[in-house]
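Peer 1: Sequence:
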Amino acid sequence: MTAPLPLPPHSSTGSGEPVLLLAPAATRSAIWSLHQEPALRAAGYRVLAFDHRGSTEDYVPEGPERLADLVADAARIVQEVAGRPCHLVGASLGAMVAQRLAIVRPDLVRSLTLLGTRARTPAFTAATVRNVIDAARTEAVPASYAAGCTMVQLFAPSTLLDDRFAREWLDLMTLSPVRGEGAARQYLATLSVDDWSAELAAVDCPTLAVGFHYDTQMPPALVKEVADLIEGARFEEVADCGHFGFLERPDVVNDLILEFLAKASAEQR
Numbered sequence: 112m113t114a115p116l117p118l119p120p121h122s123s124t125g126s127g128e129p130v131l132l133l134a135p136a137a138t139r140s141a142i143w144s145l146h147q148e149p150a151l152r153a154a155g156y157r158v159l160a161f162d163h164r165g166s167t168e169d170y171v172p173e174g175p176e177r178l179a180d181l182v183a184d185a186a187r188i189v190q191e192v193a194g195r196p197c198h199l200v201g202a203s204l205g206a207m208v209a210q211r212l213a214i215v216r217p218d219l220v221r222s223l224t225l226l227g228t229r230a231r232t233p234a235f236t237a238a239t240v241r242n243v244i245d246a247a248r249t250e251a252v253p254a255s256y257a258a259g260c261t262m263v264q265l266f267a268p269s270t271l272l273d274d275r276f277a278r279e280w281l282d283l284m285t286l287s288p289v290r291g292e293g294a295a296r297q298y299l300a301t302l303s304v305d306d307w308s309a310e311l312a313a314v315d316c317p318t319l320a321v322g323f324h325y326d327t328q329m330p331p332a333l334v335k336e337v338a339d340l341i342e343g344a345r346f347e348e349v350a351d352c353g354h355f356g357f358l359e360r361p362d363v364v365n366d367l368i369l370e371f372l373a374k375a376s377a378e379q380r
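Under the numbering used here, the first residue of the sequence shown is numbered 112, with each subsequent residue one higher.
Don't read these hints as lab results, they were simulated from the structure. Fair warning: there could be bad hints in the mix.
Taking lysine to aspartate or glutamate and the EDC-like style, the derived pairs with C-alpha atoms no more than 20 Å apart in a straight line are [stated by the list, open to error]:
| id | residue 1 | residue 2 |
| --- | --- | --- |
| 1 | 374 | 348 |
| 2 | 335 | 306 |
| 3 | 374 | 315 |
| 4 | 374 | 362 |
| 5 | 335 | 310 |
| 6 | 374 | 342 |
| 7 | 335 | 348 |
| 8 | 374 | 347 |
| 9 | 335 | 378 |
| 10 | 374 | 351 |
| 11 | 335 | 315 |
| 12 | 335 | 347 |
Label pairs and their in silico Cβ distance ranges [as the list claims (entries may be wrong)]:
| id | residue 1 | residue 2 | range |
| --- | --- | --- | --- |
| 13 | 194 | 116 | 13 to 21 Å |
| 14 | 274 | 123 | 31 to 39 Å |
| 15 | 248 | 306 | 17 to 25 Å |
| 16 | 215 | 282 | 33 to 41 Å |
Since the model is a prediction, treat every value here as computed from it, not as a measurement. Note that CB positions come from ideal geometry on N, CA and C, so glycine has one too.
Could you build all of it, start to finish, from the sequences and the hints given here?
Peer 2: Okay, here's the thing in structure tokens:
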């Protein structure tokens, strides 16, 4: 009999209703500690986050990182750490994990906040994702070049004109490039959305879908498609930011999240 996997590296801070934060691909859960985790704690929520399998060398189980495995990890965090259903806040890959968890385990989900997401994979998006996968699996792409290309995909043009911001992120992403089989498999998992997106109509919880105006990875039109597939879902678009809009315009994004969570909690009491 195979021993159960250990829980993914995770954190839990604060008290109150639990909110589980789900990070983008090849991104550590610590990214939420910059803006969203402090805002949620200050508003009286218990905040949970974890690293997707493959994000660190500490948690790389054998076999591919299928989306189903990432969803199973999220379910375990809800059950074994939160101990009760959670509000889910996910970005990019994390938003897809949140979508799928709400479909397969609706009993674990109180609400969905989806930041930069999609319900299908256009041809250009698929090509971009496969290029990232190929780059992650090779040492041939210089880290500085990969950092620059990645930043163009994550941030708005106006943000990249901020020299201090650009230098800090270029240094960070050059030191920690998107490399390794774990990161490649996470990106590969995002290509499975077409296999189950039709099931989004079954989602039966309050849902907020947020698009970012300059997001080339998951443009607002794709995010709105997700909202249109979920009955009663609310769509919002945030200006002047890209795929990582939750870092570029955190005050606006946090206000949207907190207002939505307060309303969802009140309606469920």
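Peer 1: Next, verify each hint and record whether it holds.
Peer 2: Hints versus structure:
With a C-alpha separation of about 19 Å, the suggested pair residue 374 and residue 348 falls inside the 20 Å cut-off, and the hint holds. Restraint check for residue 335 and residue 306: the C-alpha separation of about 19 Å stays at or below 20 Å, so the hint holds. For a cut-off of 20 Å, the pair hint linking residue 374 to residue 315 stands: about 16 Å separates their Cα positions. At most 20 Å may separate the alpha-carbon atoms for a hinted pair to count; residue 374 and residue 362 meet this at roughly 18 Å.
Between the alpha carbons of residue 335 and residue 310 the distance comes to roughly 16 Å, so the proposed pair stays at or under 20 Å and holds. Between the alpha carbons of residue 374 and residue 342 the distance comes to roughly 17 Å, so the proposed pair stays at or under 20 Å and holds. Of the pairs offered as hints, the one joining residue 335 and residue 348 holds, with about 9 Å between alpha carbons and a cut-off of 20 Å not exceeded. Note on residue 374 and residue 347: the hinted pairing holds, with a Cα-Cα distance of about 15 Å set against a maximum of 20 Å.
Using a Cα cut-off of 20 Å, the hinted pair residue 335 and residue 378 is violated, with the two alpha carbons roughly 23 Å apart. A hinted pair counts as satisfied when its Cα atoms are at most 20 Å apart, and residue 374 with residue 351 does not qualify at roughly 26 Å. Taking the CA atoms of residue 335 and residue 315, the gap is about 17 Å. The hint holds against a cut of 20 Å. Under the criterion of a C-alpha separation no larger than 20 Å, the hint pairing residue 335 with residue 347 is consistent with the structure, at around 8 Å.
The hinted range of 13 to 21 Å is satisfied by residue 194 and residue 116, whose Cβ atoms lie roughly 19 Å apart. Our hint of 31 to 39 Å for residue 274 and residue 123 holds, since their Cβ atoms are close to 37 Å apart. Between residue 248 and residue 306 the beta carbons are some 23 Å apart, a value that agrees with the proposed interval 17 to 25 Å. As the Cβ distance of residue 215 to residue 282 is approximately 40 Å, the hint placing it in 33 to 41 Å holds.
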